[in-house]
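> Start from the sequences and build out the full structure, keeping to the hints where you can.
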Amino acid sequence: MRQKILIANRGEIAVRIIRAARELGLESIAVFSEADRDALFVRYADQSVCIGPAPLAESYLFYQNILAAAKSTGANAIHPGYGFLSENALFAEACRALNITFLGPHPLAIRKMGDKATAKKLMREAGVPTVPGSEGILAAFTDARSVAEEIGYPVIIKASAGGGGRGMRIVQEKKELENAFNAAVNEAQKAFGDPSVYLEKFIEDPKHIEIQVLGDKAGHIVHLYERDCSVQRRHQKLLEEAPSAVLDDETRATMGEIAVKAAKSVRYDSVGTIEFIYDLKSKQYYFIEMNTRIQVEHPVTEMITQIDLIKHQIEVGFGATLSLKQRDISRNGCSIECRINAEDPMTDFLPQAGTLKQYIVPGGPGVRIDSGVYPGYAIPPYYDSMIAKLIVWGETRKDAITRMKRALREFVIEGVKTTIPFHMDILQHKDFLSGQYTTNFIKKMGDTKGNY
Amino acid sequence: MFSRLFIKCTQCNTTHFYSFFKHAHFVCSRCGQHFRIDAVTWMKKLCDRNSFQSINDELCSLDPLQFPKYLRKIEESMKATNMNEAILTGTGTIEGIPIALGVMEPGFIMASMGSVVGEKITRLLELAAAEKLPVVMVISSGGARMQEGILSLMQMAKTSAAVRRLHQKRMPMFTVLCDPTTGGVTASFAMLGDIIIAETGALIGFAGPRVIQQTIGQKLPDGFQRAEFLLEHGMVDIVVPRKHLRELLVKLLKIHNKRPFPNRSRGEFR
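One line per chain: the protein sequences are X and A, in this order.
Position one of the first sequence corresponds to residue 1 (the working numbering), numbered consecutively onward.
Position one of the second sequence corresponds to residue 1001 (the working numbering), numbered consecutively onward.
Certain hints may be false.
[Said to hold, decoys possible] Below, a list of computed lysine-lysine pairs in the DSS-like style, where the Cα atoms sit at most 25 Å apart:
{"#": "1", "chain 1": "X", "residue 1": "116", "chain 2": "A", "residue 2": "1022"}
{"#": "2", "chain 1": "X", "residue 1": "71", "chain 2": "A", "residue 2": "1008"}
{"#": "3", "chain 1": "A", "residue 1": "1243", "chain 2": "X", "residue 2": "112"}
{"#": "4", "chain 1": "X", "residue 1": "112", "chain 2": "A", "residue 2": "1045"}
{"#": "5", "chain 1": "X", "residue 1": "116", "chain 2": "A", "residue 2": "1243"}
{"#": "6", "chain 1": "X", "residue 1": "444", "chain 2": "X", "residue 2": "405"}
{"#": "7", "chain 1": "X", "residue 1": "116", "chain 2": "A", "residue 2": "1044"}
{"#": "8", "chain 1": "X", "residue 1": "201", "chain 2": "X", "residue 2": "283"}
{"#": "9", "chain 1": "X", "residue 1": "444", "chain 2": "X", "residue 2": "283"}
No lab work stands behind these hints: they were computed from the structure.
In structure tokens, the structure reads:
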């Protein structure tokens, strides 16, 4: 019997999964909300089921209807894509209870990695470097002093009940510590009614570097090198590249090994990403979290390794043994991805909804488009504003940048404002060209040039 | 096993996976309907792991009025709930703060208050007064237990007096009113909390809406006797969805813990 995969997602990732399924000879079933009736992924799928009205809570997050659609169409498996239900352990368990294969990691891995404190503890036990700091809450100033001495300045004091920057104090040197500690305790008490604080090493200007891993149910795990996702605006990634321009081969290899070790500690059995922050000055890196799903930026890894991650995810999800060995995985050249969003960079990235009057995609050697739109398509206002992912490959980083600029120039989108001009600015910026950019890059760029 | 896979909301008919439903604290994610939960689940939701120690578990109801079928009803309830009476009382901690906790069990003759329930509440309050523990009462009840007649009604006065003795020791009682809180329970200790918290949408009243409507011969306003209606009319202090309840209790207990009430006699307040 032909396997049927239901895709519990929408937009470009649904299209991407349908493509992989078709190439594997599997049938695909799309589920869509009333607002997505005309979407590309609905047209591409072999079969499609409407699962509810436009709001997310009533369609793409309404797991009941998704599971009912899976049962009524006879789907054997559900691919959750990214976002939505992809990192919901309960959903993965529900699929299992209904005898549907969840094409993602086992629920326990999702659960363990989903809780930041548990994940950090697990990683520390597995020997993965985490941001050094106090173990739990600081009882008194003397504890703060000894921890700070041990890990070195600068440090940051955070309220354990905190969030949103309140109750946080950055301490550059020893003599400021006592005042900062007392201030943080007071502020925490005032703001949250709880004076407990903890202390961590403060990494001023980090890079966001993540390692792609892939595992199977038999316990084989490989890594597929890193992606540099430091171009972020308010924690939203905008542009990603692989490999990172700042890692040397030795660091790259150790980070890969560590990522595999991290994944092994939860018996990871799907595609996933281990995220690190990387301190440019000390060249140290620390685990921050693991994403237990396929990621938006997976194509840059596919471009440099020539490995189809979604196909492998589907295969291992069905229980196949991983056909790849670590030594088979090599990388070649450089790849960059730009997320083309329907947002106006000039007005604080205000999301745009509207009809695409013109939509001409770039082409030529080394250019790939992952998108869920077509000319004349009306972008619904209910969901994220991504129109397309433009991915290029070049032999060197310089080639990739030149090619990306060329492709961006060819890309014609009329009807809505997009982030294309903004990407052009990034690609010309000297910090980006040098590769020495950090997660503060967009903020700094905004200070010198308009307001991003 | 299979019957526990799904559950259907009685209000909006949405089918939920039991695991999701449990994760959402037994609240319908679609319409917000709060379902009744048993005493042990409540206790586990509120108390720190393994911190709860129950007291007076052995107390069992007699049948002083030889009320028809009463003993059989008690036996059935005992079997169904695995409890000896309609309330679980004891001591435990919430985020490390020691408390005295009482949770009523709606599965036991609708958590009606007979002699044993009244006695267990009274003993809990006396223990709290003696050991200086703040009290948290999670209440849902059909009222006084009619099978014990006047002996049930007496529990109203008895528990109310126990609350006063607790207050004299300057210890607070936080009452959490769940759906439904009615009759003699509303008319006694439930409404004597220092801070009265009600769960979203809970029915809280003395006589039920049907009885009132028939008695006064008028149509009742929308949302009559619901938690939000009572908040608007000053009968309860806070209405909170179940998922935020623990957080709220922790906050209240912390406020109480940090600033002990000055031990003044009542006269000084006047």
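> What's the verdict on residue 71 of chain X and residue 1008 of chain A, does the C-alpha distance respect the 25 Å limit or exceed it?
Status holds; Cα separation ~18 Å.
> Sort out whether residue 1044 of chain A lies within 25 Å of residue 116 of chain X, counting only the CA atoms.
23 Å, holds
> Is the hinted pair residue 444 of chain X and residue 405 of chain X satisfied, with a Cα-Cα distance of at most 25 Å?
Satisfied, since the Cα-Cα distance of roughly 22 Å is no more than 25 Å.
> For a C-alpha distance cap of 25 Å, please report whether residue 116 of chain X and residue 1022 of chain A respect it.
At roughly 22 Å apart (the allowed maximum being 25 Å), residue 1022 of chain A and residue 116 of chain X satisfy the hint.
> Is the Cα-Cα distance between residue 444 of chain X and residue 283 of chain X 25 Å or less?
OK: residue 444 of chain X and residue 283 of chain X at ~21 Å, within 25 Å.
> Please verify whether residue 1243 of chain A and residue 112 of chain X have alpha carbons no more than 25 Å apart.
21 Å, holds
> Does the structure keep residue 112 of chain X and residue 1045 of chain A at a Cα separation of 25 Å or less?
Holds. Residue 112 of chain X to residue 1045 of chain A sits at ~20 Å (cutoff 25 Å).
> Taken at face value, is the distance from the CA of residue 1243 of chain A to the CA of residue 116 of chain X at most 25 Å?
20 Å, holds
> Measure nothing beyond the straight line between the CA atoms of residue 201 of chain X and residue 283 of chain X; if it is 25 Å or shorter, mark the hint as holding.
14 Å, holds
Consistency note: the structure conflicts with none of the earlier hints.
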